[in-house]
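Novice: Sequence:
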Amino acid sequence: MSSDRHSTDPLKFETKLLHFGGEIDRTTGASSVPIYQASTFHHEDVNHPPVHDYSRSGNPTRQALEDYIALLEGGVRGFAYSSGMAAISSSFMLLSAGDHMIVTEDVYGGTYRLLTTILNRMGIESTFVDMTDLEQVKAAIRPNTKAVYMETPSNPTLKITDISGVTNWAKEHGLLTLLDNTFMTPYYQRPIELGVDIVIHSATKFLGGHSDVLAGLAVARTEELAAELKKLQNGLGTVLGVQDSWLLMRGMKTLGARMAHSEQSAAKLAAWLQGRSDIERVYYPGLLHHPGREIHEKQSTGYGAVVSFDVGSGERAKQVLNRVRLPLVAVSLGAVESILSYPAMMSHAAMGAEVRQERGITDGLLRFSVGLEDVDDLIMDLGEALNGA
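Counting from 1, one number per residue, gives the positions in the sequence shown under the UniProt record's numbering.
Just so you know, these hints were derived from the structure itself, not from any lab.
It should be emphasised that the depicted structure is a prediction, and the values quoted were computed from it without experimental measurement.
Think of the CB as a built atom: it goes at the ideal place given N, C-alpha and C, for glycine as much as any other residue.
Careful, some of the hints might be misleading.
Derived BS3-like pairs: lysine-lysine, alpha-carbon spacing no greater than 30 angstroms straight-line [unchecked claim]:
no.	residue 1	residue 2
1	Lys268	Lys12
2	Lys253	Lys146
3	Lys298	Lys268
4	Lys268	Lys253
5	Lys230	Lys171
6	Lys16	Lys230
7	Lys171	Lys318
8	Lys231	Lys16
9	Lys268	Lys318
10	Lys230	Lys253
11	Lys12	Lys318
12	Lys16	Lys318
13	Lys298	Lys253
14	Lys298	Lys171
15	Lys138	Lys298
16	Lys171	Lys231
17	Lys253	Lys231
18	Lys146	Lys231
19	Lys146	Lys230
20	Lys171	Lys146
21	Lys268	Lys16
22	Lys231	Lys268
23	Lys318	Lys138
Have a look at the derived ranges for each label pair, beta carbon to beta carbon [claimed, not checked]:
no.	residue 1	residue 2	range
24	Gly312	Lys12	27 to 33 angstroms
25	Pro291	His43	53 to 59 angstroms
26	Thr28	Ala97	34 to 40 angstroms
27	Asp53	Ile118	27 to 33 angstroms
28	Gly237	Arg26	26 to 32 angstroms
29	His173	Ile35	40 to 46 angstroms
30	Arg26	Gln243	33 to 39 angstroms
31	Gln357	Thr28	56 to 62 angstroms
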């Protein structure tokens with residue numbers, strides 16, 4: 001695995017999670033960022049406006065979170081939104097009618113829905129390609145192409161995109177690059193260091209980590225992009241509330257410990273699944289023969305906590321979902337409790353059945369987000385469900 005790339009920073013990533021600059025309130029010495037439950041701010045001197053004037057435009061609690069994620073991702077400025085899709089849709093508003101974007105083919109279903117049912121009506125075109133093949137990315141360029149949108153590992157089949165390969169090519173053609181880093185988080189993968197312009201998170205997942213907050217984050221690589229994202233965040237009003245900002249910061253403090261524990265368990269679960277004769281296929285970047293594993297290891301410091309596997313049919317998948325006792329059977333991932341999802345009916349229901357099949361999202365595919373339970377208990381529970389299905 002590659003080493004920590006923050007060689008010029010004396011603090012390691014796990015330390016930054018706790019010492020990010022806003023961990024102590026400078027006014028009172030409080031051990032967490034105060035919740036500024038205010039919609040507007042007094043102008044003491046109208047000739048010298050305060051830093052914050054209206055909470056849609058900026059709030060001290062949200063600002064602490066935005067500075068926090070910018071530090072972790074290595075960008076110049078962060079932005080907090082009301083959901084992951086709000087972060088994605090706001091970032092896509094950098095494009096204009098007539099523009100074209102190249103997108104990972106097995107992208108999250110909500111992103112697919114946004115591109116194919118909303119942005120297409122606004123004259124923003126998309127081409128979905130298999131980004132495991134850089135030549136397919138290059139072949140998709142058009143005269144009106146303005147951006148490339150990556151998701152690596154992809155959701156839910158964990159396909160790997162060569163981030164540096166894409167960003168180097170994109171720069172040659174003046175293209176904006178965006179990457180959904182939800183699965184890896186900055187703990188394992190920092191795309192800005194690999195040339196990505198905007199990094200996006202559904203912070204509802206691993207960053208929040210407790211299934212109790214809905215949030216999205218974006219980080220800009222340059223001040224110019226940051227200024228544009230700020231205009232969009234303020235203009236669209238897609239901001240995260242202060243209570244959720246505080247909850248998200250609290251969750252992020254334990255990101256390192258949670259990710260490390262869950263990854264160890266995920267690796268054991270994936271190996272166990274691969275050894276079963278009744279599982280058609282297992283998807284996990286840590287498995288020896290996972291496609292793109294070598295590329296993933298060059299650009300990431302870990303394999304993550306999500307394991308997808310095909311049980312053979314939709315009927316059997318539903319039986320497994322109804323039989324497990326420990327994981328939540330639910331939409332979402334990245335929490336302290338394990339979550340077992342059914343992409344065909346949950347995260348990727350927005351994709352037509354034919355499109356899902358083309359992307360390897362079969363009716364028998366299940367996605368297991370491994371939490372903090374004892375992995376032997378998870379394996380026992382899943383084994384009983386599989387044996388009975």
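Novice: Now tell me if each hint is right for this structure.
Specialist: Hints versus structure:
For the hint pairing Lys268 with Lys12, the CA-to-CA distance comes to about 27 angstroms; that is within 30 angstroms, so the pair holds. With a C-alpha separation of about 36 angstroms, the suggested pair Lys253 and Lys146 falls outside the 30 angstroms cut-off, and the hint is violated. Taking the CA atoms of Lys298 and Lys268, the gap is near 22 angstroms; set against the 30 angstroms cutoff, the hint holds. A distance of roughly 25 angstroms separates the Cα atoms of Lys268 and Lys253; the hinted pair therefore holds under the 30 angstroms criterion.
For the proposed pair Lys230 and Lys171, the alpha carbon gap of about 23 angstroms is at most 30 angstroms, so the pair holds. Restraint check for Lys16 and Lys230: satisfied, since their Cα atoms lie roughly 25 angstroms apart, inside the 30 angstroms limit. A threshold of 30 angstroms between alpha carbons decides the hint, and for Lys171 with Lys318 the separation of about 45 angstroms lies outside it, so the pair is violated. A C-alpha spacing of about 28 angstroms is found between Lys231 and Lys16, which places the hinted pair at or below 30 angstroms, so the restraint holds.
Taken as a hint, the Lys268 and Lys318 pair is honoured in the structure, with Cα atoms around 23 angstroms apart against an allowance of 30 angstroms. Restraint check for Lys230 and Lys253: the C-alpha separation of about 25 angstroms stays at or below 30 angstroms, so the hint holds. With a C-alpha separation of about 43 angstroms, the suggested pairing of Lys12 with Lys318 is violated against the 30 angstroms cut-off. At most 30 angstroms may separate the alpha-carbon atoms for a hinted pair to count; Lys16 and Lys318 exceed this at roughly 42 angstroms.
For the hint linking Lys298 to Lys253, the alpha-carbon distance of about 26 angstroms falls within 30 angstroms, and the restraint holds. Proposed proximity of Lys298 and Lys171 is supported: the alpha carbons are some 20 angstroms apart, at most 30 angstroms. Distance check on the hinted pair: Lys138 and Lys298 sit about 21 angstroms apart at the alpha-carbon level, within 30 angstroms; holds. The straight-line distance between the Cα atoms of Lys171 and Lys231 is roughly 24 angstroms, inside the 30 angstroms bound, and the hint therefore holds.
Taking the CA atoms of Lys253 and Lys231, the gap is near 29 angstroms; set against the 30 angstroms cutoff, the hint holds. Under the criterion of a C-alpha separation no larger than 30 angstroms, the hint pairing Lys146 with Lys231 is consistent with the structure, at around 19 angstroms. Between Lys146 and Lys230 the alpha-carbon distance is near 20 angstroms, which keeps this suggested pair within the 30 angstroms criterion. Of the pairs offered as hints, the one joining Lys171 and Lys146 holds, with about 11 angstroms between alpha carbons and a cut-off of 30 angstroms not exceeded.
For a cut-off of 30 angstroms, the pair hint linking Lys268 to Lys16 stands: about 29 angstroms separates their Cα positions. A threshold of 30 angstroms between alpha carbons decides the hint, and for Lys231 with Lys268 the separation of about 45 angstroms lies outside it, so the pair is violated. Proposed proximity of Lys318 and Lys138 is contradicted: the alpha carbons are some 39 angstroms apart, above 30 angstroms. In this structure the supplied range 27 to 33 angstroms is violated for Gly312 paired with Lys12, their Cβ-Cβ distance being about 44 angstroms.
One distance hint, 53 to 59 angstroms for the beta-carbon pair Pro291 and His43, holds here, with the actual separation near 58 angstroms. In this structure the hint that Thr28 and Ala97 lie 34 to 40 angstroms apart at CB is violated, the actual value being about 49 angstroms. Evaluation of the 27 to 33 angstroms hint for Asp53 and Ile118 yields a pass: the beta carbon distance comes to about 31 angstroms. Between Gly237 and Arg26, the C-beta spacing of about 29 angstroms keeps the proposed range 26 to 32 angstroms intact.
Judged by the Cβ atoms, the range 40 to 46 angstroms given for His173 and Ile35 holds: they are separated by roughly 45 angstroms. As the Cβ distance of Arg26 to Gln243 is approximately 21 angstroms, the hint placing it in 33 to 39 angstroms is violated. Distance hint for Gln357 and Thr28: a CB-CB separation of about 57 angstroms, consistent with the stated range 56 to 62 angstroms.
Checked against the numbered hints given earlier, this structure breaks hints 2, 7, 11, 12, 22, 23, 24, 26, 30; the rest are met.
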